[in-house]
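Asks: Each chain, written out:
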Amino acid sequence: MSLAFSEEARARFEKTLARYPNREAAILPTLHLAQREFGYLSDEAIQYVADLLGFTPAYIEGVATFYTMYNRKPVGKYHLQICRNLSCSLMGAEHLIEHVAKRLGVKPGETTADGRFTLSTVECLGSCGTAPVMQVNDDYYESLSEESIEGLLDRLL
Amino acid sequence: MELVLTTHFGNDRYRHVDTYVRLGGYAALRKAISMPKEEIVEEVKKANLRGRGGAGFPAGVKWGFLPKDLSRPRILVINADEGEPGTFKDRLIMSRGPHLMIEGIVITCYALTTHTCYIYIRGEFVREADIVQEAIDEAYAEGYLGRNILGSGFDLDVTIHLGAGAYICGEETSLINSLEGKRGWPRVKPPFPASVGVFGQPTIVNNVETIADIPWIVTHGGEKFASLGVEKDGGTRLICVSGPVKKPGVYELPVGTSLHSIIYEHAGGLRDGKTLKAVIPGGSSTPVLRANEIDVPFDFESLQKIGTMAGSGGVIVIPEGTCMVRSLSVLMNFYAHESCGQCTPCREGCGWLARILRRIEDGEGREEDVELILGVCDNMLGRTICPLADAAVMPAQSFIWKFREEFDQHIQEAKCPYGNRF
Chain A
12 MSLAFSEEAR ARFEKTLARY PNREAAILPT LHLAQREFGY LSDEAIQYVA DLLGFTPAYI
72 EGVATFYTMY NRKPVGKYHL QICRNLSCSL MGAEHLIEHV AKRLGVKPGE TTADGRFTLS
132 TVECLGSCGT APVMQVNDDY YESLSEESIE GLLDRLL
Chain B
377 MELVLTTHFG NDRYRHVDTY VRLGGYAALR KAISMPKEEI VEEVKKANLR GRGGAGFPAG
437 VKWGFLPKDL SRPRILVINA DEGEPGTFKD RLIMSRGPHL MIEGIVITCY ALTTHTCYIY
497 IRGEFVREAD IVQEAIDEAY AEGYLGRNIL GSGFDLDVTI HLGAGAYICG EETSLINSLE
557 GKRGWPRVKP PFPASVGVFG QPTIVNNVET IADIPWIVTH GGEKFASLGV EKDGGTRLIC
617 VSGPVKKPGV YELPVGTSLH SIIYEHAGGL RDGKTLKAVI PGGSSTPVLR ANEIDVPFDF
677 ESLQKIGTMA GSGGVIVIPE GTCMVRSLSV LMNFYAHESC GQCTPCREGC GWLARILRRI
737 EDGEGREEDV ELILGVCDNM LGRTICPLAD AAVMPAQSFI WKFREEFDQH IQEAKCPYGN
797 RF
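If you're matching them up, the sequences are chains A and B in order.
If you're matching positions, the first sequence starts at 12 in our numbering and goes up one per residue.
If you're matching positions, the second sequence starts at 377 in our numbering and goes up one per residue.
Hints were generated in silico from the structure; no laboratory data involved.
By construction, the Cβ of each residue, glycine as well, lies at the ideal position given by its N, Cα and C atoms.
Here are the simulated DMTMM-like cross-link-like pairs (lysine to aspartate or glutamate), alpha carbons at most 20 Å apart as the crow flies:
1) A:Lys26 to A:Asp62
2) B:Lys681 to B:Asp671
3) A:Lys26 to B:Asp513
4) A:Lys113 to A:Glu161
5) B:Lys778 to B:Glu696
6) B:Lys558 to A:Glu35
7) B:Lys608 to B:Glu418
8) A:Lys26 to B:Asp533
9) A:Lys118 to A:Glu161
10) B:Lys681 to B:Glu607
11) A:Lys26 to B:Glu514
12) B:Lys558 to A:Asp62
13) B:Lys623 to B:Asp648
14) B:Lys558 to A:Glu72
15) B:Lys558 to A:Asp54
16) B:Lys778 to B:Asp754
17) A:Lys84 to A:Glu72
18) B:Lys622 to A:Glu153
19) B:Lys791 to B:Glu781
20) A:Lys26 to B:Asp506
21) B:Lys681 to B:Glu669
22) A:Lys113 to A:Glu157
23) B:Lys778 to B:Glu747
24) A:Lys26 to B:Glu510
25) A:Lys118 to A:Glu105
26) B:Lys653 to B:Glu641
27) B:Lys608 to B:Glu378
28) A:Lys26 to B:Glu556
29) B:Lys623 to A:Glu153
30) B:Lys650 to B:Glu696
31) B:Lys413 to B:Asp533
32) A:Lys88 to A:Asp150
33) B:Lys600 to B:Glu415
34) A:Lys88 to A:Asp149
35) B:Lys791 to A:Glu105
Facing chain A, according to a computed beta carbon distance under 7 Å, are these residues of chain B, among others:
36) Glu458
37) Gly462
38) Val502
39) Thr535
40) Ala542
Between the sequences and the hints, there should be enough to build the whole structure, so can you do that?
Replies: Below, the structure is given as structure tokens:
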């Protein structure tokens with residue numbers, strides 16, 4: 012199977028390239044774009060980005076695996092990322108993680124059998140004043156309690 | 377009380393250029409382009425503006441490190457990688473007042489004769505990056521960015537570069553590598569970024585808050601800004617308060633406001649009848665203070681005098697009833713996770729600290745473990761390319777120095793007296 016960007020993504024890619032003096036600097040934005048287009052960075056996606064930018068797949072993979080936000084494995088439709096750092100822990104994050112894990116029947120790092128949710132613990136999301144915090148895909152959910160997270164999961168189910 | 381940044385942050389329209397201009401925005405830029413460039417730099421030096429990203433280096437002095445000749449194009453990079461645990465102020469500026477940052481960028485680039493700026497925003501801040509991009513688009517449309525800005529003949533392009541999840545990229549040379557499309561490994565210095573930075577060009581990296589202070593300094597003058605703070609540390613700071621206080625959040629306060637009043641007056645004190653046990657004053661990497669050590673002005677030098685740091689202004693409030701071993705264990709897991717792996721003392725040391733603390737917390741600590749932690753710290757401190765190892769050591773040492781009895785108790789009783797929970 013060969014992957015390719017949609018026309019829209021292709022246009023965004025060209026626009027991105029124009030902002031940098033070389034193609035290497037476009038690696039991070041192109042990986043972001045590829046992850047949005049293809050869902051996660053499979054070997055094929057890495058190869059595609061490598062071909063687009065003129066690097067070896069090994070080099071692109073080396074960059075991609077440095078950063079936690081690039082997923083080399085498929086993630087669920089909703090990627091629940093709960094902060095486990097100190098401010099969130101002081102405000103109950105541990106209990107929240109346990110609660111969500113129990114409700115979904117998965118451990119942190121796992122995806123539900125129906126592919127709907129992936130549960131992850133993450134480091135500081137930079138929103139400590141509204142702890143505990145969870146990022147779901149692009150959005151932050153702040154000042155969470157067991158009740159509010161239940162309500163959110165009900166909406167996403 | 378004089379505010380530099382947050383006066384209009386309650387106004388939902390302030391993020392848009394029309395409202396920003398109506399409330400006085402971009403007047404500082406108009407003033408700046410009529411000033412000699414050296415005079416702008418001079419005002420920033422007079423302002424005693426110290427970098428708000430954590431290190432507190434005087435901004436005007438940093439700018440002065442650029443090579444004098446203009447043969448190689450200079451680049452300004454804004455560090456919006458906000459990742460220091462306990463810090464959440466740059467997110468506020470970007471979402472509530474992005475034009476303050478953009479106006480600061482244009483003035484700074486004009487003063488430093490720079491035609492290219494990258495804003496490095498941490499990858500998780502997708503929504504904030506969207507808001508900043510919208511503001512950039514507006515600024516281009518209104519002639520505050522692009523070609524011949526406000527008829528001055530000055531050109532500037534600004535581009536957002538999204539990170540992808542790596543605390544280390546807040547360190548400026550790591551950020552530069554990440555901007556170049558590489559793994560975010562810190563670089564050996566020298567050469568310093570001011571001479572060889574991004575794409576090999578002379579580069580200045582400034583924090584979001586630092587750059588957002590620039591328009592006010594140009595409007596009101598450096599001396600006025602300096603007078604808001606204390607000696608050698610001017611202006612206001614965005615202080616972030618987190619943990620179980622009644623009103624957690626970001627407070628803009630004059631540099632030198634007492635840490636006690638930050639916690640008890642501004643943040644309303646502790647909630648649910650809790651009492652104070654400890655405070656981490658400047659983000660997770662800064663040494664912890666006991667509850668009886670907080671009658672101290674919040675400025676770089678005063679906090680340094682009592683053995684800690686103002687850092688990035690991230691005040692983490694820890695209440696009585698919290699296990700300090702567990703708290704430190706959480707922090708060491710973070711540093712172990714975020715060490716880039718380049719230097720052995722940091723890669724191995726952070727991992728060892730995390731593992732030893734885990735076993736102490738789980739009741740499996742050995743008699744020699746506390747000394748072992750301190751020994752590992754000695755082998756890390758000052759022995760690495762970048763300060764991440766130091767950033768792990770400072771909380772580790774200070775937690776042990778100030779709360780030693782808790783570590784000993786865990787080991788002697790072979791269990792966590794707090795029930796192995798927060």
